[in-house]
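Keeping the supplied structure of chain A fixed, place chains B and C upon it in accordance with the hints.
Residue numbers (my numbering), protein chains in the order written: chain A, 44 to 360; chain B, 44 to 360; chain C, 44 to 360.
Since the hints were made in silico from the structure, they are not lab data. The structure displayed is predicted, hence computed values, not measured ones. Do not rely on the hints blindly, as some may be mistaken.
If chains are identical, the list can't say which one is meant, so a pair holds when it fits in one copy or spans any two.
What the hints assert, rightly or not - In silico SDA-like links for lysine to any residue, alpha-carbon gap of 20 Å or less:
1. Lys89 / Asn359
2. Lys258 / Arg78
3. Lys254 / Pro106
4. Lys90 / Ala357
5. Lys211 / Glu293
Spelled out from the first residue to the last, the chains are:
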Amino acid sequence: MQRNPQLNERGELQHLLSIEGLPAAVLLQILDTARSFMSVSEREIKKVPLLRGKSVFNLFFEPSTRTRTTFEIAAKRLSADVLNLNIATSSQTKGESLIDTVANLAAMHADMFVVRHASSGAPYLIARHLSPEIHVVNAGDGRHAHPTQALLDVFTIRHYKGDFTGLKVAIVGDVLHSRVARSEIHALTTLGVPEVRVVGPRTLIPAQVEKLGVKVFHDMASGLRDVDVVMMLRLQNERMNGALLPSAQEYFKAYGLTEERLAVAAKDAIVMHPGPMNRGVEIDSAVADGTQSVILPQVTFGIAVRMAVMAILAGNG
Amino acid sequence: MQRNPQLNERGELQHLLSIEGLPAAVLLQILDTARSFMSVSEREIKKVPLLRGKSVFNLFFEPSTRTRTTFEIAAKRLSADVLNLNIATSSQTKGESLIDTVANLAAMHADMFVVRHASSGAPYLIARHLSPEIHVVNAGDGRHAHPTQALLDVFTIRHYKGDFTGLKVAIVGDVLHSRVARSEIHALTTLGVPEVRVVGPRTLIPAQVEKLGVKVFHDMASGLRDVDVVMMLRLQNERMNGALLPSAQEYFKAYGLTEERLAVAAKDAIVMHPGPMNRGVEIDSAVADGTQSVILPQVTFGIAVRMAVMAILAGNG
Amino acid sequence: MQRNPQLNERGELQHLLSIEGLPAAVLLQILDTARSFMSVSEREIKKVPLLRGKSVFNLFFEPSTRTRTTFEIAAKRLSADVLNLNIATSSQTKGESLIDTVANLAAMHADMFVVRHASSGAPYLIARHLSPEIHVVNAGDGRHAHPTQALLDVFTIRHYKGDFTGLKVAIVGDVLHSRVARSEIHALTTLGVPEVRVVGPRTLIPAQVEKLGVKVFHDMASGLRDVDVVMMLRLQNERMNGALLPSAQEYFKAYGLTEERLAVAAKDAIVMHPGPMNRGVEIDSAVADGTQSVILPQVTFGIAVRMAVMAILAGNG
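In isolation and in its complexed conformation, chain A is listed as follows (with noise of 0.2 Å):
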């Protein structure tokens, strides 16, 4: 059997490149030590030394100014010192290739790289090619995952349900196109989750997703009944004037999440979103500001989840 490349010859985490793959001690370690972090961003001075001295680079060959700031934070918070490179407008257009790219970074003596990219599996090129000391944190391969985000997803819901073993919870929207559902369906199953529903139009939902251990809805009523947990995906605009969606007011019809549709859900469900949200197309604003939400908990969690699974790399350095 072939060695996770996530994970060093002791098993611990060297990458974190896949929430797929990963046995749930590794999750569970990083869930525990993130709680440990939540008290760092409340204090006077939110600042621990643990990464003191290491360079972190935010390496985006895709922009997203909001998860390279969450990751920009949490390193700042561990006292590392942080680079910021957008690589979308430079060697990439001289013509370097990605190898090539990371190989001279690391020759740098660079301790991790936080790598977003269109292409699915660029990280994992990237942490092939790496000596052992230097670690590799995906923050979204094209459409194959997004582990920070899953990782902070199933924080939350234990910071509210406590225990994942007795849960019903949906995952609502554009599961095909979503980094975030798969990697999402692979934490909650990982974790003990009994039932992982994936909802949305026949459009939108992969085929065969059934075999990640999911059951399909193609409607809210029924998807969204006596759920615990509702994660709602973000819509992206441009699959709304394609062939894959008639409209946004259409979409939002049939999948937007109001007050009337959550009603069939526990009445203590929470409803969660990875932001930014399409007010008025995936989700009403009544919904995203009302007494179910933890949209805005999710992102404060996000910080001491990364600063969890940097520090937890670090230490396995």
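Same frame as chain A, but now just chains B and C:
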């Protein structure tokens, strides 16, 4: 009477959004604090730990390398962690609202937002939606206000003239489109300058500006006569070939500050400009680089003033 | 005799603008200091406090993520505060002059400017207008010079060859347009390399280059014969489909560095390249990744060399 949204219930500065409505005591507190910070930037190690572990977000919805840099330096000399967000090209284009963007950043435990926005009032809108431990500094909003520029201007005047109460001050140029001019007028009148003049062509002086307590002049010879301070405004390029102005050359002929024109001012009059200058348009190089120019000292004072604003706000958390 | 503008009245390095005109003793001081910094980047905490509280401005009028990153890392490992200014898109477009832009930044109590500019001589112009406690490092100006690249190149040669005085070195490629080549030639001849060759097609070798003390070759077989060091130059894409060169394929056929061509050099010859490489154009992958390649070590040494330059300049304040 409604409370000034910039002050907390103890009358302390909670946000710096506008000079308008701030009591003289608050302005003088900032100026006094800035004076105490002047020495920090002259030290061997240009840092004090007042904002250590704080997260300062430079939120620039409108690009401005120069202004962003002054705030970044000021924050770093206070030992803050600084995050630069150029928002024009990110979430805003993804259709997220200003309030959602800021709520998300606030959820990351931000301590302070420095906001530049093309829309007048955007920093107020942001401030109104934040919890009270987070502070907003307006770094220029539309045509409305640029309070730190006005503060560094009055700091400069006090530095060279000692006292405000015997001064004649002329603000020259495109007053109509200038957020700097509006903030300067409020700062000067609040601090007791007895004679504030605005000088410019009829097309570039706002109607009813006299209500702000200023005298209007449409020619330089009478506008500059006997003044102690000449505050030039930057002429925006986009104004120069429209209906409002014939051409840059024509403008310079009528309103450009030359040595000859400056000669009607007081012998020891100082010349100021917020930068960047259009040499040969609103100001002649002989004046810009002459002995009466305090344009570069303004920049130096600007760092101390911004450090003072940030330190006072953080102290009032 | 006029004083070298790079040296202060005590003969110490005040700015690093060009290798031309620097005495060997200054180059050797940089190389020796860089050697002492090599260990810093290998430590658990990769930081020394030599530039703590100093403000280093990366002034990039021409974008270059890679070079900017090397200076940013070097400055941060010296504990400086680093400010990145991409000027192409800001003040310059507002019509402000280079000198006004820099004078403004200097007024913010800058300690050091790292300048990349498309115009040859821009860093000199800047240095001439600054007060003596502020230092300028040329990070590449037009076709003129790229002194830190040349310094890391000679550091690399010294590391592998020990001594300069018995070496044959070939610089291969587009010498005509290369600021790197010019700086390398000056560094090698100043340090006593007895035989420096330039190799390339007639259209890409500057007229009268022999006056710099080099031998000219137009074919690889004779140009590389018995050399100890092969320094490849990057071929700019924009040269490849113009009048100067037929095509990338033709260029590779005549001047691309292959294992076969390298075989005529000394058995232990090293191969260098400033990056980013055009694999298959100026260099074959088998050579770039081969046992004689020291291209990645060059990058590692580059951090130490830039730390050395900054530390020496700051010490000569």
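Consistency of the hints with the structure:
1. Lys89 / Asn359: between (24 Å within a copy, 18 Å between copies)
2. Lys258 / Arg78: Neither way: lysine 258 and arginine 78 sit 31 Å apart in one copy and 62 Å across, limit 20 Å.
3. Lys254 / Pro106: Neither. Shortest intra-copy (32 Å) and inter-copy (47 Å) distances fail the 20 Å Cα cut-off.
4. Lys90 / Ala357: both (16 Å within a copy, 17 Å between copies)
5. Lys211 / Glu293: neither (27 Å within a copy, 64 Å between copies)
Violated hints for the displayed structure, listed by number in ascending order: 2, 3, 5.
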